[in-house]
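Enquirer: If you count the sequence shown from 1, you need to add 403 to reach my numbering.
No lab work stands behind these hints: they were computed from the structure.
By construction, the Cβ of each residue, glycine as well, lies at the ideal position given by its N, Cα and C atoms.
Some hints here could point you the wrong way.
No farther apart than 30 Å at their CA atoms in a straight line, the calculated lysine-lysine pairs in the DSS-like style are these [claimed, not checked]: (1) Lys-719 - Lys-729; (2) Lys-794 - Lys-767; (3) Lys-783 - Lys-749; (4) Lys-760 - Lys-794; (5) Lys-782 - Lys-747; (6) Lys-488 - Lys-449; (7) Lys-431 - Lys-534; (8) Lys-767 - Lys-749; (9) Lys-697 - Lys-794.
DEER-style ranges, computed between Cβ atoms [claimed, not checked]: (10) Ser-613 - Lys-760: 22 to 32 Å; (11) Ser-723 - Asp-469: 52 to 62 Å; (12) Lys-614 - Lys-436: 34 to 44 Å; (13) Leu-734 - Pro-531: 27 to 37 Å.
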Amino acid sequence: MKSNFNYYLPTKVFVGINVLENLVEICKMYGSKILIIISPDISQGKEKVLRCFNKSKFSIETFYLDSSEPTCRFIDLLREELKSKQFDCIIGLGGGSAIDTAKALSIALTHFEPIWLYANLSNRPPLPLLKSLIPVLAIPTTSGTGSEVTPYAVLTNSEINQKGTIQETALFPRAAFLDPTLTRTMPLELTAATGTDAFMHAFESFINISKYSPVAEWAAREAMSIIYQTLPEVYKNLDNLELRLEMSWASTLAGIAISHRGTTAIHAIAEPLGAIIHIPHSVAVAMCTLPVLKYTWSKSIKKFCMLYEILEPSKKFEKSDIDKAKKSVELISNMFKKVNMFKKVKDYIKVENIADKLLEDVIKYKFRPLAQHPIEFSKKELEIIINEIFK
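Required output: the full structure, derived from the provided sequences and hints.
Expert: Right, dumping it as structure tokens:
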């Protein structure tokens, strides 16, 4: 172990069935006026959460999202609607978008510049946050983003078709509640999409060269191992609470990993791609994964060899480390195929002349995660990868 590192994880995480019994006591720490941001189509989860407050004296206001990913315009408009309410706490109930919306509102209701100006882009610094933020609690109903334990809020600027991340330690949720009964209602496609996204969070943190973090290393290894074994099984057994809980925990571990070490080239390409052609983030990540890995594994043999041993620890593989490294990419590809996440852009939308715009955006405002990748891609190499994504 190297001698110098640090870690910071202020979120209190409750794990298991009926952990929502702790919700009211946690809320009492912050006040009585609560805003709950709710993802669409989670009526069962909503009722379970609201029942927690039946015998309490809280003032509860709910707001339902009508889209899967928050835009800056939406946050700025919602600020105008809610700024006079003086909430003591904001709960994000749903997928990463609900939790990210709650985080963004904790800024927007205390700071009054356009929310996009607080995004931490590679090509310009964010505006500083000079006031205390409204505390956020996270109740995830998907197993993908890990937003319940990260200091990030990802937003789309629909006016310029760009995605950006607000990064601030005050955005860590104060508490997170992982109840597998809330993820059991996830449909098949969403289960697969969020699960593969969580895997790639862990994987990109694992290969990230930017900083030393044994905490991120441990969390990433654990998350990848769990997801690789569990996701294909939960895909076949959606009602299995034990498998759902495993996926929730793995997603949180992956969130811990990226909160300490961040993502790399896959997300650097996937975020602008999703912003340009308006597809779900997890689908964009799936589209970018294999083309990036194809041009990465041979330049990072040690890490990819370790990856093989993480995913298949019980198998004897007596060939060279190069063979193990190459095989690890095949294992990821096979996992994606098992859950129908082998995605192509053409499966979703017919696009022309988008590759040049994507390349421009990746280089323009995503060069920081690119620099965290194990190899430095040239502009020509990025162009080749992007063209492969569009095949």
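Enquirer: All hints are to be evaluated individually against the structure, with a verdict given for each.
Expert: So, going through the hints one by one against the coordinates:
Under the criterion of a C-alpha separation no larger than 30 Å, the hint pairing Lys-719 with Lys-729 is consistent with the structure, at around 15 Å. With a C-alpha separation of about 23 Å, the suggested pairing of Lys-794 with Lys-767 holds against the 30 Å cut-off. A threshold of 30 Å between alpha carbons decides the hint, and for Lys-783 with Lys-749 the separation of about 22 Å falls inside it, so the pair holds. A threshold of 30 Å between alpha carbons decides the hint, and for Lys-760 with Lys-794 the separation of about 16 Å falls inside it, so the pair holds.
A hinted pair counts as satisfied when its Cα atoms are at most 30 Å apart, and Lys-782 with Lys-747 qualifies at roughly 22 Å. Our distance criterion of 30 Å between C-alpha atoms is met by Lys-488 and Lys-449, whose separation comes to about 21 Å. A threshold of 30 Å between alpha carbons decides the hint, and for Lys-431 with Lys-534 the separation of about 22 Å falls inside it, so the pair holds. In summary, the hint linking Lys-767 to Lys-749 is supported, as the alpha carbons are separated by about 25 Å, within the 30 Å threshold.
This hinted pair checks out: Lys-697 and Lys-794 have alpha carbons roughly 15 Å apart, not beyond 30 Å. About 27 Å separates the C-beta atoms of Ser-613 and Lys-760, a value consistent with the hinted range of 22 to 32 Å. For Ser-723 and Asp-469, the hinted distance range of 52 to 62 Å is satisfied, since their beta carbons lie about 53 Å from each other. A hinted range of 34 to 44 Å for the beta carbons of Lys-614 and Lys-436 is consistent with their spacing of about 39 Å.
Taking the beta carbon of each, Leu-734 and Pro-531 are about 43 Å apart, not inside 27 to 37 Å as hinted.
This entry does not satisfy hint 13, going by the numbered hints stated previously; all others are met.
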